[in-house]
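Enquirer: Mapping of the sequence shown onto the working numbering: residues 1312 to 1416, in sequence order.
No lab work stands behind these hints: they were computed from the structure.
Since the model is a prediction, treat every value here as computed from it, not as a measurement.
Wrong hints could be hidden among the right ones.
Claimed, not checked - Just the calculated beta-carbon pair ranges, DEER-fashion:
no., residue 1, residue 2, range
1, Thr-1316, Arg-1348, 32 to 38 Å
2, Glu-1334, Glu-1380, 29 to 35 Å
3, Arg-1368, Asp-1409, 33 to 39 Å
4, Ile-1401, Asn-1363, 41 to 47 Å
5, Gly-1356, Lys-1327, 21 to 27 Å
As the list claims (entries may be wrong) - Straight-line C-alpha distance at most 35 Å; calculated DSBU-like pairs for lysine-lysine:
no., residue 1, residue 2
6, Lys-1385, Lys-1398
7, Lys-1397, Lys-1320
8, Lys-1365, Lys-1385
9, Lys-1320, Lys-1365
10, Lys-1385, Lys-1364
11, Lys-1371, Lys-1329
12, Lys-1398, Lys-1329
13, Lys-1327, Lys-1365
14, Lys-1364, Lys-1327
15, Lys-1320, Lys-1398
16, Lys-1329, Lys-1365
17, Lys-1327, Lys-1371
18, Lys-1371, Lys-1385
19, Lys-1364, Lys-1320
20, Lys-1320, Lys-1371
21, Lys-1327, Lys-1385
22, Lys-1320, Lys-1385
Glycine is no exception: its CB is placed at the ideal position from the N, C-alpha and C atoms.
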Amino acid sequence: MFICTFLLKIGIDLRKNKLNDLEYGTLSNLNILPDQRVVIAVDGGRTRIRINKKGRRKLKTNRHGFTGEWMEPKLLTIYVVNEQGKKVRISAILITNDGTYSGYQ
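Construct the complete structure from the given sequences, taking the supplied hints into account.
Expert: The structure is reproduced here in structure tokens:
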């Protein structure tokens, strides 16, 4: 569990740094994928976010109630494909995934 939250924090910090670099105009504009077929996919969907109700637990069941709010995540995936349309899975070209429950920025 600790490793998971640690890696999550590293990913969020990396994303914030890239957004700051973009905002200040210091983001590298080198062509890092020359002569490659790049797929950029944006997806959404719906998930329910569980929010516990306030108050005591029910005596009979010993459970808290909850409300389930529908949220729409925004997901972005960038990857490289070969001439046949198959994903290229080498360590030099990483698959990039990013997602948020906020709006598009």
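Enquirer: What hints, given by number in increasing order, does this structure fail?
Expert: 11, 16, 17, 18 and 20
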